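2 protein chains.
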Amino acid sequence: MLPFARVAIIGMGLIGSSLARAVREAMPTVQLTVSDASAAVRERVAELGIADDVADNAGAAVVDADLVILCVPVGAMAEVAAEIGPELAPDTVVSDVGSVKESVARVLGAALPGVHVIPAHPVAGTEKSGPDAGFSSLFKGRWCIITPPPRADEVMVERLSEFWRRLGSKVDLMDAPHHDRVLAVTSHLPHLIAYSIVGTASDLEEVTKSEVIKYSAGGFRDFTRIAASDPVMWRDVFLNNREAVLELLGRFTEDLVALQRAIRWSDGDALESLFTRTRAIRRSIIDEGQDTEKPDFGR
Amino acid sequence: MLPFARVAIIGMGLIGSSLARAVREAMPTVQLTVSDASAAVRERVAELGIADDVADNAGAAVVDADLVILCVPVGAMAEVAAEIGPELAPDTVVSDVGSVKESVARVLGAALPGVHVIPAHPVAGTEKSGPDAGFSSLFKGRWCIITPPPRADEVMVERLSEFWRRLGSKVDLMDAPHHDRVLAVTSHLPHLIAYSIVGTASDLEEVTKSEVIKYSAGGFRDFTRIAASDPVMWRDVFLNNREAVLELLGRFTEDLVALQRAIRWSDGDALESLFTRTRAIRRSIIDEGQDTEKPDFGR
Chain A
0 MLPFARVAII GMGLIGSSLA RAVREAMPTV QLTVSDASAA VRERVAELGI ADDVADNAGA
60 AVVDADLVIL CVPVGAMAEV AAEIGPELAP DTVVSDVGSV KESVARVLGA ALPGVHVIPA
120 HPVAGTEKSG PDAGFSSLFK GRWCIITPPP RADEVMVERL SEFWRRLGSK VDLMDAPHHD
180 RVLAVTSHLP HLIAYSIVGT ASDLEEVTKS EVIKYSAGGF RDFTRIAASD PVMWRDVFLN
240 NREAVLELLG RFTEDLVALQ RAIRWSDGDA LESLFTRTRA IRRSIIDEGQ DTEKPDFGR
Chain B
0 MLPFARVAII GMGLIGSSLA RAVREAMPTV QLTVSDASAA VRERVAELGI ADDVADNAGA
60 AVVDADLVIL CVPVGAMAEV AAEIGPELAP DTVVSDVGSV KESVARVLGA ALPGVHVIPA
120 HPVAGTEKSG PDAGFSSLFK GRWCIITPPP RADEVMVERL SEFWRRLGSK VDLMDAPHHD
180 RVLAVTSHLP HLIAYSIVGT ASDLEEVTKS EVIKYSAGGF RDFTRIAASD PVMWRDVFLN
240 NREAVLELLG RFTEDLVALQ RAIRWSDGDA LESLFTRTRA IRRSIIDEGQ DTEKPDFGR
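Residue numbers (numbering that gives the first Met the number 0), protein chains in the order written: chain A, 0 to 298; chain B, 0 to 298.
The following block holds chain A by itself, in its conformation from the complex (with noise of 0.2 Å):
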């Protein structure tokens, strides 16, 4: 039996497109309505053909649903939650999958009183964005969390937990605070590092940008990478994920710090140290099947 019978998807870009057909591929007959803010995205999808219907707004899109999922940035969560309230039938759960956990179960929670508001964090995607950007196999072999609520309805939890691992993912349940702690490591610090260096690297007056860019394969491509993704969404991340990012670039600068000291005075050994201790992660992660072990990952 399917956990879900009747989805609604709000939101359609690289998560929320990936997810239609990711729930297309895995669960043909699950009925599936979908709806975005943009005039042009809509009719975008409804081109590409991944849902069963389009709806013009996103109140009109989760009439009759049993599962409602937002795809949209943390920051848009309160305006689409009053939105939907209004036409949620009795019993739907409402989830989204957003980067940051404790400020969206809080304020759709808020939103939506009475509801089985069931937070999730899909942790997977790439620098691109748009319908046209997702695939059905996003999911695959990746990790998502679930931070259900105190006092959250377990069958429901195990129901979306079910959904999710019929998209190929697994699952791992979580408090939200401590997702946030987690991702701010994982996703939140490297994004921010990533945005930094390539904004550094592009206001300097002695190596020009076309410097930077040409001999880009000694490094510094692979932060562009990461430094390419959703400018909007990556803004609500670090506004709504605040004190667990600022605890961590502390940290961060901290070490870098000492690391600067280390190349000021030559210490040789402290770098050599480092640098061996970092290999260890790396190997981990393949071993995990978090990356592939190819090198230069393949390129």
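Because the hints were derived from the structure by calculation, they are not lab data.
A quick note: this is a predicted structure, and the numbers were derived from the prediction, not measured.
Be a bit skeptical, because a hint or two may be false.
Same chains, same label: a pair holds when it works inside one copy or across any pair of copies.
Dumping the calculated DSSO-like pairs for lysine-lysine here, alpha-carbon to alpha-carbon at most 27 Å [what the hints assert, rightly or not]:
#1 LYS139 to LYS169
#2 LYS127 to LYS169
#3 LYS208 to LYS169
#4 LYS208 to LYS293
#5 LYS208 to LYS139
#6 LYS139 to LYS293
Put chain B on the given structure of chain A with help from the hints.
Using the frame of chain A, we list chain B on its own:
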């Protein structure tokens, strides 16, 4: 006509062994002699059959060579230069592949007076090390930066340029100090930051190492690739390009602190504006053929 007929390569790691394979493929009639400080590596290279001869030491390898390329860590250049000096034939060109050029030019120039010392740097590599990690196509479509010292013999510089073009590289000439500033941006700082963030992530108390590994697909795993690069090679890079790296680190930290402040004061516009600007650089790197367009590096 071949630019060089008898080539010696000292150091059979990723770069040296890739170079041997590339020379074999592109210029099969070149007489190729190689060596390495490690007996185990020399034995493995002989098994791999990627050179005509594996000499017991650097001095023996360079006898009769008209081109010698040093593929050893930057900090080992002085020692190798002392070994090969007495054995070099007149008019031999001595070059290298180090990621730092000003200090290498100084060290080789001092150790090998009267020799055609023409340092070079192929901007290519992977995170793997050792003779088994090398492959013949590593330099294809990549830039090789040659940094001829003042008063270098122009004919020899052109022969060395032609040598790299035969391996599929595009060649640029640059003065050594400018090279070091450019590479500090496109390679050295990215590596330092990647090593640093991977170090920070392994030292947390609230988030376990296994969580960092599990959820690394959120962005962190991209950093672990370059933080798996050879520790000794990179130690030497930082010790030998100190001024340029420290100057750039200062700017990077300044920019990062500005971002930190934008997060603390919820300045969404500042964040979004930077995150939008950084997308264009990625586009240019792909247009220049220095990275793949495939989302997520095609993973």
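Results for each hint:
1. Taking the closest pair of Cα atoms, LYS139 and LYS169 come within 27 Å of each other only inside a single copy of the chain (8 Å); across copies the shortest separation is 39 Å, beyond that limit.
2. For the homomeric pair LYS127 and LYS169, the shortest alpha-carbon distance inside one copy (23 Å) is at most 27 Å, but the shortest distance between copies (30 Å) is not.
3. In the homo-oligomer, the alpha carbons of LYS208 and LYS169 lie at most 27 Å apart only across protomers (18 Å), although the nearest pairing inside one protomer, at 42 Å, exceeds that limit.
4. In the homo-oligomer, the alpha carbons of LYS208 and LYS293 lie at most 27 Å apart only across protomers (23 Å), although the nearest pairing inside one protomer, at 29 Å, exceeds that limit.
5. For a Cα distance limit of 27 Å, the shortest separation of LYS208 from LYS139 across copies, 23 Å, qualifies, whereas the shortest one inside one copy, 38 Å, does not.
6. Taking the closest pair of Cα atoms, LYS139 and LYS293 come within 27 Å of each other both inside a single copy (19 Å) and across two copies (18 Å).
Figure legend: structure checked against the earlier numbered hints; every hint is met.
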